[in-house]
Amino acid sequence: MSKDLVYLLLLTLLTVIAWAGFDFYHASTQPVLPKILQEQIRPLDPNLDFSVLE
Amino acid sequence: MNYRDFRPYLTDTPQKAYTIVGLTLIALSGFGFFAIRPTITTAIRLNKERREGLEANQALEDKIAALSKAQESLNQAEPYLPLLEAGLPKEALYDELLKLVALATGQAQVELKEVKTLGSSPSKTPLKSLRLNIILEGQFPNLQKVIQSLEQLPRLSVVQAVSLQPQGSWGGSITGPTNQPKLQAELNLECYYYEYQEPQVLLKEEDE
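For the record, the sequence lines run as chains F and B.
Per my numbering, residue 1 is the first one in the first sequence, and the count goes up by one each step.
Per my numbering, residue 55 is the first one in the second sequence, and the count goes up by one each step.
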C-alpha cells in the first residue's frame, strides 16, 4: 500500500468524522416535537381581567 | 492475481507499516460511518425526544390545571358574558345598530335625517370599528339626550365628534313647548365589534 493511498484514506476518515459531527449537530438542534404539539403546549393564562367587565 | 502478490505489503517494513495504517483507516472509516455515526445520532435524537417529551408532559399538565382554573374563572364571569356579547358582537351588524340609533332618536323626539356609513377602520387586531355619520334635527335638550343614549348603547360605541348648526336662521323656527330653536346636529359615531376566528390547530391535528 503506497503512502499516497494512506493519505487518501486519512482524508476519507477526516471526511467521515466531519460528516458524523454535522449529523450529531443536526440531531441535537432539530426539533423533535411536531409543530402542532408545540402550539398545544403554549402556556395559557387562566386569569380573566374582571376589572374590564366591571 | 495470486495471493502471493500481497506478500510484500505484509513483509517489507515500510510497506507493512503503510498497509497496517491503511487498513486501520479503512476500518475506522467504515465502522465510523456505518456503525458509530447512526448509533450516536439515534442516541442523541432519543435523548432529545425523551427530554422534550418530559417538558411537553409537564407543560400539558400545567395547561390542564390552567384550563380547570380558566373554567372556574369563566363560571364566575358567566353573568357578564351576555353584556360582552352585546357590547362587542362578532360581526358589524349594521342593521341592529341602525335600529338602536333609530330607537334612541325616536325616544328623544329627534328627527333622524341621514345616516351614512364611513366604513370600517383598518385594524390588524380582531377589534374592528365601524364609523357612522348621523345627521339629526331637533331641539338642543333632545339632541343631548340622543348623544347620551348613543354613548350608553348596549354596543360599545363612542361619539367621536358633534357639530351643531341652527336650522334655518338662528331662532327662526321655534317649535315645541320649550320654545327652543331647532338645531341640526352632525355626529360621528364609532362602534366596535370583535371579529374573532376560532383557531384551527386542533382541526389540523385531526386531519393529520
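Read the hints as simulated data drawn from the structure, not as lab findings.
A couple of the hints might just be wrong.
[Stated by the list, open to error] To be clear about the criterion: a stretch of chain B counts as covered by chain F if any three or more of its residues have a C-beta under 8 angstroms from a C-beta of chain F, and this derived list gives those stretches: (1) 98 to 105; (2) 110 to 120; (3) 139 to 149; (4) 161 to 174.
[Unchecked claim] From chain B, some residues computed to sit far from chain F (all C-beta separations above 12 angstroms): (5) 79; (6) 81; (7) 82; (8) 83; (9) 130; (10) 131; (11) 153; (12) 178; (13) 217; (14) 218; (15) 240.
Fair warning: this is a prediction, and the values are worked out from it, not measured in the lab.
Cβ atoms here follow ideal geometry from the backbone N, Cα and C, with glycine treated the same way.
- Determine which of the earlier numbered hints do not hold for this structure and return their numbers in increasing order. As far as the earlier hints go, 3, 4, 5, 6, 7, 8, 9, 10 are violated by this structure, in ascending order.
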